[in-house]
Structures are given as C-alpha cells and as structure tokens.
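Could you build all of it, start to finish, from the sequences and the hints given here?
In order, the protein sequence lines correspond to chains D and W. Heads up: the first sequence begins at 1 in this note's numbering, then just goes up one per residue. Heads up: the second sequence begins at 339 in this note's numbering, then just goes up one per residue.
This list has only true hints and no planted wrong ones.
Pairwise CB distance ranges (calculated): (1) D:Pro264 x W:Gly417: 33 to 43 Å; (2) W:Gly475 x D:Phe248: 42 to 52 Å; (3) W:Thr501 x D:Gly82: 44 to 54 Å; (4) W:Glu396 x D:Asp229: 35 to 45 Å; (5) D:Thr250 x W:Gly381: 30 to 40 Å; (6) W:Lys431 x D:Asp278: 26 to 36 Å.
Far from chain W, by Cβ distances over 12 Å, these chain D residues were calculated: (7) Arg144; (8) Pro164; (9) Thr210; (10) Arg217; (11) Gly223; (12) His245; (13) Asp313; (14) Arg322; (15) Ser338.
Bear in mind the hints are in silico, worked out from the structure with no lab data behind them. All C-beta atoms, glycine included, are put in the ideal place defined by N, C-alpha and C.
2 protein chains.
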Amino acid sequence: MSVESKTSQLNPGRIHQALTSYQLAMALKGAIELELFTHIAAGATTAAAIAPLCQAKEKGVRVLCDYLTVHGFLTKSEGAYGLAPDTAALLDKNSPAYMGSVAAFFTHPVMINKYRDVATLVRNGGATDHTLAPNDGIWVEFARSMAPMFASSASIAATHVTTPGQPAKVLDIAAGHGLFGIHVALHNPAAEIIFQDWDNVLDVARANATAMGIDGRFQTISGSAFEVDFGTGYDVALLPNFLHHFDFATNVGLLKKVRAALKPGGLAAIVEFVPNEDRVSPPDGALFAMRMLGTTPSGDAYTLAEIDRMLRDSGFSASESRSLAPAPQQLILARSPS
Amino acid sequence: MSVESKTSQLNPGRIHQALTSYQLAMALKGAIELELFTHIAAGATTAAAIAPLCQAKEKGVRVLCDYLTVHGFLTKSEGAYGLAPDTAALLDKNSPAYMGSVAAFFTHPVMINKYRDVATLVRNGGATDHTLAPNDGIWVEFARSMAPMFASSASIAATHVTTPGQPAKVLDIAAGHGLFGIHVALHNPAAEIIFQDWDNVLDVARANATAMGIDGRFQTISGSAFEVDFGTGYDVALLPNFLHHFDFATNVGLLKKVRAALKPGGLAAIVEFVPNEDRVSPPDGALFAMRMLGTTPSGDAYTLAEIDRMLRDSGFSASESRSLAPAPQQLILARSPS
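Below, the structure is given as structure tokens:
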C-alpha cells in the first residue's frame, strides 16, 4: 500500500471531534442547568417526557440526549434514555454526591478564555493572563462551585492527618471552600482549624464552616500565603491543591515557611493531582498540567518524586503518599524534624 | 453495599475532563499552529528537540505533548513522542492529506460562542444566533479552511455522479469551497460546473477551481439557493452538506426546485453526515446534530429514511446511499422522473 492510499484510508472524525470538543463541555454544562440527569433519574426517560420538565423543545432535548449518549454520559435503548453510573451518582440533584455546581467553575468564561491561544501559552511556557493576582474573583467562584468535587477527597484525607479526640491545631493554607479543614474538624472534635486565604474567598470558607457545624472551632488569616504570618505551634498544615500553581523553587520557599510554623514533628499534608513518572498517566494527574499551563505563569502537575524533593529541600523528612480514591488525587504526608 | 457507599466509589474524573474539554479543542488547534506534528514527523521527538523549532519553552512543549498523548493524538515512549496514524496522515504539513487548516473554522470564536448557552439552545430547539444570514462571513472562513476535510469525500462522490467523457451539466448548490463540483470536473473532462453560493463565498470556490485547473469549465450563480434562478437542463445537482441546515419542509421545498432544474432522469446527489435510526451511532453522524442545534434555527442530522422521504415528497424516485469512507459521510442519490 503506497503512502498516499494509506493516508486516504484515514477518517478525520477523531480530529473533527476533538476540535469541536468545546461542544461537549458546554453540552454537559447545559444538561446540568436543565437538570436533565435529575429528570431522567426521576423516571422521565424519553425526549417527549423530559421536554416539558425543562420548558424545552422535544427536539432540543433529543439532540442533547443523543449527543451525551454518544459520549457515554447517558444510555439509550428503544428511545428511552438512562444514566451512566457516574452521572447517576454525581449529576442527579437528589444524589448525596451531586457535584453539578462544578460546571460553573470549569466552564466559567474566564477559564475558557485562558485557552484561546494555546500556541502562545506553549511558547511562553505558561500564562501571562493568569489567576494568581490578589483577590482574583475566580477563586470565589472556585470556592463556591467546587466543594462537591473535593468532598470525598477531603473526608478521606482527614482520617490520615489527626486522631479523633487528640487536640490538634490545623492550618488550612489557601483553604478556598475550606472543605479540607472542615473535614478534619468533623473527623476530630478536638481539632481547631485556622483557614488562610484571600479575604473574599474566606467568606465562602466561613459560610461552609458554619453550615457544616464547626462554629467556634475555627479562625481565619486573610491574605497571601506567601505574605501573611501563619503563627506557630501547628500540629498539621494542610496544603490542598496549592503547590501546583507555582514553580519548584517557590514551593520550596513556601514549604520552609510552613515548616517554621509547625511544631517539631508536625505534619505537612499536601493534596495534589499527581502524574506518574511518564507524565501521561493516570489521565487526571497527567491532564492537570494543561490546566496549570493555561492559568498560571509557572505551575505544573508534579510527580511524587518532585514533591518529595521539594519537601526534603525544605527540611522535611521523607514523604509518604496515600491514595484518595475514588477521587483522582494523592495525599502526600511529611513531618518536620522533631 | 448501600447507595451512599456505592456513589462514594465514583471517580469524578470523566465529568471533570468533559467539562474542561474546550482545552482539548484549543490544545489541538495550538499544536497545529505550532506545526508540532510536522516537527515530530521530521524527527524532533523530544520536548527539548521540538521547543526551538516552535520558538517555545521546553516546558510548554512537554505539557502540550503529554496532554495530546493522554488523548491519543501522540504516543510517548522513553520520553520520545510519536504520531498516531491519523495525526501522521492528516496533521503533518508534509502529508498529502494534511487538513490542519480545518482548525481555523472549528475553533473560530464565532463557532465556539454559539455554544455559550446550550440550555437555551435546547429550550428553543435551535439557535437564534445562527449562521444562515445572507453573506455571513463564517462561510468564507468555512470555504477557506475546510476544503481538506472534504477532499476525500468529494473525490469519491465524483465517481458516482457522472461518467468520464460523457457531457454533463452539473449544479453545485451552496458550493462553499467548491470541492464537490471541482472533483466532478476533474473526474469527468466533459463536465461543466455551475457553482451557486453567496458571492463572498464564491470568491473562494472560483479561486479553488482555477487553482485546481478547471478554468473555462465553470460558471457561477451568486445568491441564496432559495432565491436564485438555477436555470434548467442539469444532468446532476450536487447538494453537499446543505440540507442539514434546514427543517424537513424547507428541504422538500428546495428539492422540488432542484427537481425542476434537472433534466428528466437527472440526478440529485446529496452529501450528509447521517446517523443511524438510533441517532446515537455512528459517532460522526450522531454528534453532528449538536452542530446544527448550535448554529441553525431548525437544522438537524437526518437519517437515511428521513432523506429518502424528503426526496420522495419532492417527486424524486427512491434513493440509494453510498459510503464515502474513510470520510464519515454518506452520498445519497435519487433521480428525477424520466
């Protein structure tokens, strides 16, 4: 077979689909807004039955449902739609694990716009139009929308960092929604949490902490993690989804500051999307580097070996990692010297 | 296992990836602009080797290449990247089937913006902010960018509609880039082509026709297919990628006009993305309905049965379909009564 006849045998479909994959992001967002998964879970399984529940045209519902079926988020049999296991658990509003709110952050125009020129991001090795300026409003949107995405990982992480009943002073750095600190407080009634973040973001952490019943057991420190005084005497410092925003040297500087705030033998607890050494697996860890390329000047998705080296370079002991499955993240633990 | 523990076992990764899939569209566009696939095909297989060829930072190239590897457009082994079969054939500039230009249409801000509010598209059953206004500039972009996407299907379709050496007057309706008519002329030296489209789009068809060597064998009719006088006496009327923009009744009206322009026994030749009766397979045919929902008031991806019914309702004979594989489209042929 000649080169030419071989190339003519190739279907451009996959490239076509990838170049229009923004449709998938926005279709899934639209389906969440229309409560499509909730309606199907409640028994409306045809376009004709779903349409009036969404105040929508039957044709529009049919096109959306078929589109999501091709992508595996719905099933279709004899014209009746059903939910895939993950959409049933995570996108039905009546499910305890409902996480539909995350669409507002992931598909926020500010976030989409960061990727308008990926060639320039690649040339620069990072974003000039980034999200790390003081009080950037996108982090309020993040804190408001993304809590359900991290509820599972935060509740698992909490079990690894303190012992219930044992007093613990816990610093939650760049706390965002506050879920990681809140779950430590829920797991351990003797824990006191100090949330640090921009003041506009702390409003969300405070509201969540109050709503989740830990009033009286938390304080806040507002400002940049790089500039505020953390204080001292912490048993635990949480660094959830934070180090990926910065380069290696910046993280070493921050971790030295964290070490100084911990008691001797205190624990640094890092939560990260972590790629394997090949950097192309597992998908969630590996793909995360593109989010950092698009939204930070020099952030990255770091391997366990790189995080371990950051910790050692900052004076911590060797680190250990824990899976937070089913969440696609890792918990990395290291102690300051005793 | 209780409902709650079962749901807690679910990984939000797939939903996370889908809601950020605009990154895939823009990353693939960026890679095409950087000529990444061309550099890898030419032997630069590491981020360090590729970076200077793109005037890019090594880190940016690494992140982009890893991201495209996770999505299967590149391979990676021992730090060296390679091309998947389709990207080697279709995205290396030195390949005869190079189609990188399609990124400019698929990821055009106008096209992306059509999907900013899919819930409203579904409620309306179509787009209010559509692409069907007279002389909409997006069709010039389409005609300029998309020719390589249809080169294969146009060359195959041409073999089904006329016989080389046998004189044929061929109307190419909404010709766009003109590829379908041009390939008929290339296949059959006795064919004369009449391209019809908006005048701004015809400039592209004229340029392509001249560049591909059919000067003196074509004419043009400028204006809307619904308003212009096609003339009469055609042996063949091509309708490539056009019917999907309109509803069933509008298409029947247009096909009656086409029938009147054809000689008795003349051939209507329709090219379409066609879903199966289940409307969720094959992927390219099924997903196409979302493109129409987002960009037209009442267009759709029609099944073979629906297109056959349109043709019969317009006075044509029963239709036959031909695969245009590897292109993911169908050619539907029907004759006017003798």
